[in-house]
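Q: Work out the full structure, taking the sequences as your base and the hints as a guide.
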Amino acid sequence: MNTVKEANDVLLDCQNVWKIFGARSSAAVKAVSERGLSKKQVLQDFDCVVGVSDASLQVRRGEIFCIMGLSGSGKSTLVRLLNRLIEPSLGKIVVKGREIAKLNPAELRDMRARNIGMVFQSVALLPYRTVLENAAFGLEVRGVPKDERNETARAALAKVGLSDWISRYPSELSGGMQQRVGLARALAADPEIILMDEPFSALDPLIRRQLQDEFRQLTKSLGKSAVFITHDLEEAIRIGDRIAIMKDGIIVQVGTAEEIVTKPAGDYVAEFVAGISRIHLVKAHSVMRPVADFKTSQPHCDVDALLKASPETDIGELIDITMRSERDAVAVVENGSIVGVVTTRGLLRGVAGMPAGAPGAA
Amino acid sequence: MDTSVITDLFDTSTDNALGWIGDNGEWLFEFIRFVLQGTYDGILWFLELAPFYVIAIIAGLLAWRLLNPVAGLLAGIALAFCAFMGLWAETMSTLALVATATILALAVGIPIGIVAGFVKTFDRALEPALDLIQTLPPYIYLLPAIALLGYGPATALVATFIVAMPPSIRLTSLGIRMTPREFIELGQASGLSPWQMFTKIRLPFAMPSIMAGINQSLMMAFGMVVIAGIVGSGGLGETIYGAVRTLDIATSINAAIAIVILTMVLDRLTQSAAHRAKAGVR
Numbered sequence: 001m002n003t004v005k006e007a008n009d010v011l012l013d014c015q016n017v018w019k020i021f022g023a024r025s026s027a028a029v030k031a032v033s034e035r036g037l038s039k040k041q042v043l044q045d046f047d048c049v050v051g052v053s054d055a056s057l058q059v060r061r062g063e064i065f066c067i068m069g070l071s072g073s074g075k076s077t078l079v080r081l082l083n084r085l086i087e088p089s090l091g092k093i094v095v096k097g098r099e100i101a102k103l104n105p106a107e108l109r110d111m112r113a114r115n116i117g118m119v120f121q122s123v124a125l126l127p128y129r130t131v132l133e134n135a136a137f138g139l140e141v142r143g144v145p146k147d148e149r150n151e152t153a154r155a156a157l158a159k160v161g162l163s164d165w166i167s168r169y170p171s172e173l174s175g176g177m178q179q180r181v182g183l184a185r186a187l188a189a190d191p192e193i194i195l196m197d198e199p200f201s202a203l204d205p206l207i208r209r210q211l212q213d214e215f216r217q218l219t220k221s222l223g224k225s226a227v228f229i230t231h232d233l234e235e236a237i238r239i240g241d242r243i244a245i246m247k248d249g250i251i252v253q254v255g256t257a258e259e260i261v262t263k264p265a266g267d268y269v270a271e272f273v274a275g276i277s278r279i280h281l282v283k284a285h286s287v288m289r290p291v292a293d294f295k296t297s298q299p300h301c302d303v304d305a306l307l308k309a310s311p312e313t314d315i316g317e318l319i320d321i322t323m324r325s326e327r328d329a330v331a332v333v334e335n336g337s338i339v340g341v342v343t344t345r346g347l348l349r350g351v352a353g354m355p356a357g358a359p360g361a362a
Numbered sequence: 363m364d365t366s367v368i369t370d371l372f373d374t375s376t377d378n379a380l381g382w383i384g385d386n387g388e389w390l391f392e393f394i395r396f397v398l399q400g401t402y403d404g405i406l407w408f409l410e411l412a413p414f415y416v417i418a419i420i421a422g423l424l425a426w427r428l429l430n431p432v433a434g435l436l437a438g439i440a441l442a443f444c445a446f447m448g449l450w451a452e453t454m455s456t457l458a459l460v461a462t463a464t465i466l467a468l469a470v471g472i473p474i475g476i477v478a479g480f481v482k483t484f485d486r487a488l489e490p491a492l493d494l495i496q497t498l499p500p501y502i503y504l505l506p507a508i509a510l511l512g513y514g515p516a517t518a519l520v521a522t523f524i525v526a527m528p529p530s531i532r533l534t535s536l537g538i539r540m541t542p543r544e545f546i547e548l549g550q551a552s553g554l555s556p557w558q559m560f561t562k563i564r565l566p567f568a569m570p571s572i573m574a575g576i577n578q579s580l581m582m583a584f585g586m587v588v589i590a591g592i593v594g595s596g597g598l599g600e601t602i603y604g605a606v607r608t609l610d611i612a613t614s615i616n617a618a619i620a621i622v623i624l625t626m627v628l629d630r631l632t633q634s635a636a637h638r639a640k641a642g643v644r
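For the protein sequence lines, the chains are A and B, in the order given.
Sequential numbering of the first sequence, starting at 1, is according to our numbering.
Sequential numbering of the second sequence, starting at 363, is according to our numbering.
Keep in mind the hints are simulated off the structure, nothing from the lab.
As the structure is a computational prediction, the values presented were derived from the model and not from experiment.
A portion of the hints provided could be inaccurate.
[Stated by the list, open to error] Chain A side only, calculated, beta carbon under 10 Å to chain B, not exhaustive: (1) Ala106; (2) Arg109; (3) Ala113; (4) Gly138; (5) Met323.
Just so it is clear, CB atoms sit at the ideal spot from N, CA and C, and this is done for glycine as well.
A: Now the structure itself:
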């Protein structure tokens, strides 16, 4: 039932994948699979570097999955394993129900051309081709007739707001515009999954934000799935439905932005999320108190008279509601009944990132 | 130990080998000679169809379009000057020699360069051979050529062909190898077949380097074609060689000026074509 449906929805499934680099990598792989060596031991015993260590993740249809990590964390290696630009040392990668390691060269080319698009940090626009010819590149490779592919490419360029630039050359465009062409090139081929390898990292902050919002909106409206690589946690939070945090080749936590910010797994993630603004991340359900609890501390307050909000309301909106209210509390309503109360204290606690249910809640 | 025995043995066997090749491969060399002479005659016949001013005007227009109006004017006047010196026929036969040798060198060199660009071991094996060709004094190629092909333009063409080939091989191979990494990755991620990778990514990126190779081959050919005057190449090279033998300084200087003019015009034209290829790749 439910589990079957979920399994069907998984477009890209990466199971216990390892990538080990080095002259003696095959011996190291054997040792890892037989004896379960750690990364450190592999480096000591075999002089091999572990790029990705035992990574598992699932990307569902229509989901934007962010992989966040600093340089050297293995995130770029991981994304290249997903379309087999790099061969995995161990583990299984299944795309649309097919294990990509078992595809022959022609099948692999076909899958890359039709199902998995890729956008690069370097953009990699062909300098001797116009913007339109660049956007039509993926379709050209597949042998789509010129008129048809140009029409599709034109539509893709219109989606990223570059209709007026189609006959220009890449060198005439700004960095942000070039990256839009890169995105249009990936979209024109109409893949189900788009791999984004730090696409916006080289852009200035204002343009970057703009492109992040556009990318998210576009991907959602077209129903595409995306794996988005970034070294910027704020970017991951802005774009991703779910986020995986990588460190030294290991995925240390996978979760929604709220889960990662409110329940960081370990000190490494906690350190990362320390500086992140919680106002739009933390929702009413994680800062509210039970109604009975509220009533005992403030017996004179009529809970039914409070302004109401849903459990998914974020702290920013809750602050707005509180400002409009005469009381210092907001009732949280789900399915017509009050399930909790968010007090001003609760809001402050949420903003400061203190764990929910901390003592002294009155 | 007396090493002269060894060297004598080496020398006689080289002579014998050359003699054997000459005796047994006569039909082959007759054929090569026929093809080379035929190509050269054909190109020369074509160049001599038009009077000198037509060719000067065509060169001027080309330089104008590819470079600028001043270059066009200068190129036209300079070529016409060759005719005023009474050296037009020699200039054209030199042009025909250079064109034939360069076209042959490119036809062989560019494919070899492409293979060398892909196959690292082949490139490494080729490297010392190319070094050898380029460091030996160019006169060396005239001797075996004259032994096998006799006195005349065919011999000059073979020697020029050998000297002109290495730059196009080297620069083509370099261009193929220098494809930026991210574009190879783009090609792979887009699902390109090996042939598409070559025609749509590698070759366009190699184009500026290949064009530079063409220019370099042409310049080497010009250098050699003068030296080949010794073996009866005809054209300006033979004019200079004749003038040197009779100490006719005036004629030798005139012919040298004509060579310089021809070289410069062709150099600038092919260089600007190479720059255009580069501008495309920016």
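Q: Report the numbers of all earlier hints that the structure fails to satisfy, in ascending order.
A: Of the numbered hints given earlier, the structure breaks just one, which is hint 5.
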